[in-house]
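S.K.: Once you've looked at the hints, dock chain B against the given chain A.
Number of protein chains: 2
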Amino acid sequence: MAYKDATLDQVDSALQQAQISFLSYKNISGKKKAEFLRAMADEIEALGQELVSTAIRETNLPEARIVGERGRTTGHCRMFADLVEQGSWVDARIDTAIPDRAPLPKPDIRKMLTPLGPVVVFGAANFPLAYSTAGGDTASALAAGCSVIVKAHPAHPDTSELVAGAIKKAMDKTGMPNGVFQHLHGSGFDVGQALVKHPLTKAVGFTGSLAGGKALFDLACQRPQPIPVFAEMSCINPVILLPETLSQQAEKTAGALAASITLGVGQFCTNPGLIVAIQNEGLDRFVKSLSEAIKNALPGTMLHQGIADNYNKRLAHSLEQKGVTIEGQSASDSNASQGKPSVASTLASTFLKNPLLAEEVFGPFSLVIKCKDINELHTVVSHLNGQLTASIFGDEVEVAKHSSLINTLVEKAGRLIVNGVPTGVEVCPSMNHGGPYPATTDSRFTAVGIDAIRRFVRPVAFQSFPDSLLPEELKNNNPLAIWRLYNNEWGRK
Amino acid sequence: MAYKDATLDQVDSALQQAQISFLSYKNISGKKKAEFLRAMADEIEALGQELVSTAIRETNLPEARIVGERGRTTGHCRMFADLVEQGSWVDARIDTAIPDRAPLPKPDIRKMLTPLGPVVVFGAANFPLAYSTAGGDTASALAAGCSVIVKAHPAHPDTSELVAGAIKKAMDKTGMPNGVFQHLHGSGFDVGQALVKHPLTKAVGFTGSLAGGKALFDLACQRPQPIPVFAEMSCINPVILLPETLSQQAEKTAGALAASITLGVGQFCTNPGLIVAIQNEGLDRFVKSLSEAIKNALPGTMLHQGIADNYNKRLAHSLEQKGVTIEGQSASDSNASQGKPSVASTLASTFLKNPLLAEEVFGPFSLVIKCKDINELHTVVSHLNGQLTASIFGDEVEVAKHSSLINTLVEKAGRLIVNGVPTGVEVCPSMNHGGPYPATTDSRFTAVGIDAIRRFVRPVAFQSFPDSLLPEELKNNNPLAIWRLYNNEWGRK
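The listed protein sequences correspond, in order, to chains A and B.
Reading the first sequence from the start, the letters are residues 12 to 504 in the numbering used here.
Reading the second sequence from the start, the letters are residues 12 to 504 in the numbering used here.
Bound conformation, chain A alone (with noise of 0.2 angstroms):
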């Protein structure tokens, strides 16, 4: 079905909703936000099959991978249920007064963690689900206590619609303020960015492209009050290959990392784009086996026209640079809304001077870096942008040899992963996601896991407040029996 894009004066009506019904929200109880929460995830479940057929056909994902996106958008908005129902995420500080303190008495102060204002959530087109409307940034900009406006991704707007209904179900049987959570279209750019710039909007959550989320940063940070901006945006997420370990399981590494480049039609934030190792015996044969997974692996449909345009545009450039060889590509016919799995190679020298080789090509691609020797391999590590993750195959005493190599990895990505595939983001609360840019705009939160809230929130010190008049997370007796720093003591008493 066609939207009609929101007009600039729904945009404005949509901000001073937000701002009237965050102003009670933020208020309500977290027990209360959580009830909320929980409904959000009922009414996801039962759009049931319509949520299902709905989603398949905008965005070309199999069944199985909706259903389980689903089932991922669910469990975030339960977690983030849980997390604030339970309450010690606001990160209670207390100290109390001593009034005979020389030479000037101590006041009594507490602080806790409030939430920001309206925020403006970006549908992204990889995931309809668990990144769009009800997605993790919208769930933890409503746990958090943020009113939220969705601008529904273009290309999925039908699944967005239903979702934002489910949504909109949920906060009429809780009882939530009207307004907390909105829902706009927007074909263009004219939306977004109205949205970034009105003055109401307090921060912006964006999952996509790296020119999309640059582009919302710079307007957020040119507004008269600049606003914080997370855009998960674009990386590459290097797998090194250590040398000893390689020759013992290359082809079970080339197994993994096959079915990771393919999965999804290599749609994913995470998706495995680069594969560092030191030229010998064993590269050759994992750089063998993984061309016969990637031959034998199928052309997929992706998500829109767009993408796939644009990924059939990225691979033919990276492709027909000099010095890369194409490794192996599917064998099937595809058509052009089709992404061919795709691997090449070329050598560490040719990498480290074309810039584009370490560009994302977004996604069933893969480009193998051939190093002459380790500290080849270091200097490729070392000339990385920042990622969201980095991978490094090896056994444990093999990557012991190489400490120095993860004391440069910490400084390139958010999540470091030893023998493991970077696709499969796990939502809980040691999970980062996130990164230095361009991976993301600030490397300092996270997209996935309960710490998302913390991008949403900022803290408030209360000083000298009779008791009475404190928010329940700071009263004397602690009535929430949440986790507080109390006089430097950690406790719930």
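Hints should not be assumed to be uniformly reliable.
Which copy? The list can't say, so a pair holds if one copy fits it or any two copies do.
Claimed, not checked - Below, simulated DSSO-like cross-link-like pairs (lysine-lysine); rule was C-alpha separation at most 30 angstroms, straight line: (1) Lys208 with Lys225; (2) Lys117 with Lys263; (3) Lys364 with Lys208; (4) Lys486 with Lys263; (5) Lys208 with Lys179; (6) Lys15 with Lys179; (7) Lys412 with Lys42; (8) Lys504 with Lys486; (9) Lys383 with Lys306; (10) Lys117 with Lys412; (11) Lys42 with Lys117.
In case anyone wonders, no lab produced these hints; they're calculated from the structure.
Owing to the predicted nature of the structure, the values given are computational and were not obtained by experimental measurement.
M.R.: Chain B in isolation, oriented as in the chain A frame:
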């Protein structure tokens, strides 16, 4: 003494050195970093009277203030030493593997905060010790594991050199890598700009004017790889006087505010620049009493001629605005290097029409806004920009009646104070010294207290790492005995 400005080559080599030292310093234990931070405090104290005399000479601040500020500076060095020695600040989160989970095994993931890299700190004019060379930005960045390059404030270069020398002695005594701390001079904008634009710089700390902070923020956002800037800049710290309480304590409140307005010649970020109240007999008595106190207050020599010129220019400009009445000015003679304590008043309707009246006048000046009723007072508060602090004078019963005012003030300021003046920033875990723009460039962080460390760190997750290869903070047996979220339970096991 005159110091040569650093050349662009010196800036570059400082960053190269900062990067090299960072890569080893970050891995030094919290215990060793604590030794370094404590040695910094010891060496600053060992400078004795020379430091005090030099700072007095360069800033015109009185001895008691400099001695107090030295105590605050050594105090925060030791506070961060305690923090990193104890170690729980890294916010460790551990989720152990569930190999037999269906449909997919759950991997072991562990996360902790790690330092961003080389940090550039700009010395602040108004805190020659506590927010300059060994100030809160430097101490928190070093505690985080970052290397630091300080650009000395050109108004107190000798003080800065002395403190830099003390830090270097501390580095030598505790065996820190050469280049963990470096110190450069720059009289104009070139050195600062080059430091912020250098590709190896990973974050910036700044305390100063809106124009200065915004310029650095813009530079940082426009880099090929944008970096975070925490700039603490400009605000007017509104003080709300509730009518019933005011009528009972007009004179006492006036005395407290007069002292706060004139403290340190008004050269504090938390100086109360705006007083908002409802027109009535109590306010008349308050204004009379405040005016008397200000008339009797002495002009003071300001930090440097630029600040004095700026104060006198902005003060004159504010006082000549239509509808502004001078209520009281110091009756003593003053010269061009001094700031004359001054208070003025205007009607809320005038204030709301003239944005200039909401701008900071850095110095001993405050503007009283007379509102015709509580609704107009609400309108004034809603109209305010972001602030470091907001104070409300009122007894418990009266403040409770105005909970909607507090609800609004929370959106405007980083710290709310009941019946207290905003000056006097306690250094403790619950302190928040931050606030919405233009008070700072990112309201999600604080410049004071242990959480200031968060500005300079980012999370890194370690997935499927053998225990032997994990950082100490994340190892199974918790060798540092730090607080960790372990499978969603807080503990130190």
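S.K.: Would you mind marking each hint as holding or not holding in the structure?
M.R.: Here is how each hint holds up against the structure:
1. Taking the closest pair of Cα atoms, lysine 208 and lysine 225 come within 30 angstroms of each other both inside a single copy (14 angstroms) and across two copies (18 angstroms).
2. Proximity of lysine 117 to lysine 263 under the C-alpha cut-off of 30 angstroms is restricted to the inter-copy arrangement: shortest distance 20 angstroms between copies versus 63 angstroms within a copy.
3. In this homomeric assembly, lysine 364 and lysine 208 come within 30 angstroms of each other (Cα to Cα) only across copies, at 23 angstroms, whereas the closest approach inside a single copy is 39 angstroms.
4. Taking identical chains as interchangeable, the C-alpha atoms of lysine 486 and lysine 263 lie at most 30 angstroms apart only when they sit on different chains, with a minimum of 28 angstroms there against 57 angstroms within one chain.
5. Only within a single protomer do lysine 208 and lysine 179 lie at most 30 angstroms apart by alpha-carbon distance; the minimum there is 25 angstroms, versus 46 angstroms between protomers.
6. When the C-alpha separation of lysine 15 and lysine 179 is checked against a cutoff of 30 angstroms, the pair qualifies only within one copy, where the shortest distance is 20 angstroms, while the shortest distance between copies is 64 angstroms.
7. For the homomeric pair lysine 412 and lysine 42, the shortest alpha-carbon distance between copies (25 angstroms) is at most 30 angstroms, but the shortest distance inside one copy (50 angstroms) is not.
8. Taking the shortest Cα distances, lysine 504 and lysine 486 sit within 30 angstroms of each other both inside one copy (11 angstroms) and across copies (28 angstroms).
9. Taking the shortest alpha-carbon separations for lysine 383 and lysine 306, only the intra-copy value of 27 angstroms comes in at or below 30 angstroms, while the best inter-copy value is 79 angstroms.
10. In the homo-oligomer, the alpha carbons of lysine 117 and lysine 412 lie at most 30 angstroms apart only across protomers (27 angstroms), although the nearest pairing inside one protomer, at 52 angstroms, exceeds that limit.
11. Taking the closest pair of Cα atoms, lysine 42 and lysine 117 come within 30 angstroms of each other only across two copies (29 angstroms); inside a single copy the shortest separation is 34 angstroms, beyond that limit.
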